[in-house]
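Q: Residues per chain are reported as follows:
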Amino acid sequence: MDRMVPQSWADQMAEQGDNDLDEGLASDLPPPEEIIDGDTKKIITYRYNEEGKKVKTVSYYRIERRQVSKAIAMRKSWKKFGNAKRDPPGPNPSNTSIVSDDIFMQFISNRDDDQLDASRDSNLDSKSQALGNRSIVKCRYCEQDHWTSKCPYKDKFEQLSILKEKDNAAAQASVEPKLEDGKKTGKYVPPGMREGGNKRGDVMTSSKSKDEPNTIRVTNLPEEIMDSDIRELFLPFGRVVRIFLAKDKYTGQSKGFAFVSFEKREDAANAIKAVNGFGYANLILNVEWAKPSNN
Amino acid sequence: MRPIVLHGHERPITKIRYNKDGDLLFSASKDNIPNVWYSINGERLGTFDGHSGAIWSIDCNWDSTKVVTGGADNSLRLWDLQTGKEIANIVTNSPVRTVTFSYSGKLVFYTTDSVMKFPSELIVFDTTIGEHLTGNDHVARFPSGAQKPTAALWGELDRSLITGHVNGQITKWDLRKPHDKLNVVEEHKKQINDMQYNVDQTMFITASMDNTAKLFDANSLELLKVYKTERPVNSAAISPIRDHVVLGGGQEAMQVTTTSAREGKFEARFFHLVFEEEFARVKGHFGPINSVAFHPDGKSYSSGGEDGLVRIQTFDPPYYEFKFEY
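Taken in order, these protein sequences are the chains called A and B.
Heads up: the first sequence at position 4 corresponds to 4 in the numbering used here, and the numbers run straight through without jumps.
Heads up: the second sequence at position 312 corresponds to 312 in the numbering used here, and the numbers run straight through without jumps.
Derived from the structure by calculation, the hints contain no laboratory data.
Do not rely on the hints blindly, as some may be mistaken.
Capping the alpha-carbon separation at 16 Å, the derived lysine to aspartate or glutamate pairs in EDC-like fashion look like this [as the list claims (entries may be wrong)]:
id	chain 1	residue 1	chain 2	residue 2
1	B	Lys225	B	Glu186
2	A	Lys70	B	Asp63
3	A	Lys80	B	Asp80
4	B	Lys172	B	Glu156
5	B	Lys225	B	Glu267
6	B	Lys283	A	Asp101
7	B	Lys283	A	Asp102
8	B	Lys283	A	Glu232
9	B	Lys106	B	Glu131
10	A	Lys80	B	Glu156
Just need the whole structure built from these sequences, with the hints factored in.
A: Encoded structure:
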């Protein structure tokens with residue numbers, strides 16, 4: 001085995017040590033195989049790992065044939081020179097590598113506006129339609145759209161009413177914590193006041209999207225964070241309208257929290273879901289709906 | 001896309017260039033050995049050994065037979081591309097900053113820095129004349145004035161020269177009457193780092209330290225477009241097939257270590273040629289990009305960075321599907 005690269009002393013010693021160990025074993029290794037099958041090349045090599053176990057490495061290569069001009073074809077057959085003189089044919093892995101993970105071109109979309117508008121319109125439409133279809137009046141017993149007192153099944157349900165009451169209570173309990181989550185942004189409303197009917201959730205979100213922009217609050221940010229980093233962090237979730245990063249007046253360092261407004265509320269919700277609790281620069285981010293300012 | 005990364009250099013890349021067919025990619029760096037690679041798979045064809053200083057510029061003639069390099073070791077060398085042998089070594093008074101083959105590949109135009117008592121100069125020599133290859137004779141040689149050129153191009157029909165200067169001015173020179181400047185424009189406020197032609201050489205794009213890249217008419221030097229960024233632009237290139245330009249930049253190398261890594265934006269940025277608006281970015285380098293170049297077929301581009309790596313990026317379908325809406 002001839003080595004053309006001058007090695008460091010440490011490497012040489014290590015090599016020698018390896019050789020001493022492998023002396024007896026090396027002969028057991030099957031010779032490397034090269035199988036060409038159509039447009040794929042398979043190279044099988046064997047070696048011993050640190051534990052002395054035999055390792056078989058199979059690498060697959062795709063052979064590409066391209067039609068190029070004569071001059072290019074000729075140049076491709078040139079002998080390598082200079083420091084590349086002794087490189088084997090094909091790329092030398094020591095100075096050519098292919099990035100293992102995909103890198104994407106990040107498009108900065110300015111064209112999404114129209115689409116967004118369109119989708120928002122359709123959203124509104126569907127919402128109003130839903131409202132229109134569902135009547136406001138609902139029977140407590142049979143859940144059809146008439147007043148409870150006029151329910152034709154009144155008598156039948158009367159007996160079950162006690163049972164029903166219990167069920168309702170249970171349902172109430174299960175709804176409660178959910179509401180608490182969504183409520184974080186709003187002022188505290190006592191549960192008694194929340195009994196605004198069955199479309200409580202609906203009312204909440206629509207009122208919010210009206211008064212309050214679709215803003216989320218990010219806390220526990222590292223001090224050295226920049227606006228651009230936050231943009232990068234939240235860009236995947238949708239179009240970011242505004243970023244406000246609280247900074248110290250004198251040092252310009254971040255105070256550790258920021259507000260990010262999204263164009264769409266769903267995007268903001270997704271961002272909260274995904275980024276809340278996300279580890280960023282050794283800190284765990286806390287993301288929630290922004291509380292409306294008091295003034 | 002999965003970029004091919006070329007680790008052929010130990011120091012920052014200063015310049016990368018494709019040959020005319022685009023099958024070869026040349027890279028020059030601050031280490032002393034320029035490299036040439038096959039652009040298709042990143043295989044290294046060879047190295048040009050001989051320089052003893054940073055290489056500032058490299059160029060290849062149109063039929064890919066000769067390569068010329070100029071460096072900080074006060075020399076300009078002409079190489080045979082097939083064998084990597086040195087054909088000529090022209091010793092200069094001061095570092096060679098830019099070097100370009102003329103369109104016909106016969107003449108070479110280079111500029112030198114001003115050092116101590118030597119003024120910076122523009123020199124044109126003929127590669128077919130033996131006397132010229134010794135450095136004793138030349139086609140034209142004239143001082144550039146107080147501001148040294150930092151980027152240079154041949155003008156149309158190999159009859160004029162265009163230089164971008166350290167103070168941001170662009171000068172057009174007539175090769176036949178070198179002492180009368182044809183045109184001077186002062187659109188940039190700071191050093192011009194790079195100038196590159198579009199595919200038919202009717203326009204060129206400049207990259208400047210003043211955070212902008214600008215598009216000029218090659219004939220009249222009329223300012224056509226401005227591409228604004230918020231950091232110095234080191235290099236800019238125009239796509240040969242689409243109305244796109246790519247800018248490479250970042251903060252100055254000397255400031256890299258004193259700023260947060262996450263702040264330093266080392267992406268290549270794509271702008272629309274006409275609307276001057278940025279539409280895409282590509283990440284990758286761990287330092288400022290010093291040189292960018294489009295493959296002559298427009299399907300890939302390469303960038304060389306302060307991190308000493310050259311990356312060949314081949315565009316994915318989304319790039320071709322992307323339509324700039326207006």
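Q: Check each numbered hint from earlier against the structure, then list the numbers of those it violates in ascending order.
A: Of the numbered hints, 5 and 10 do not hold.
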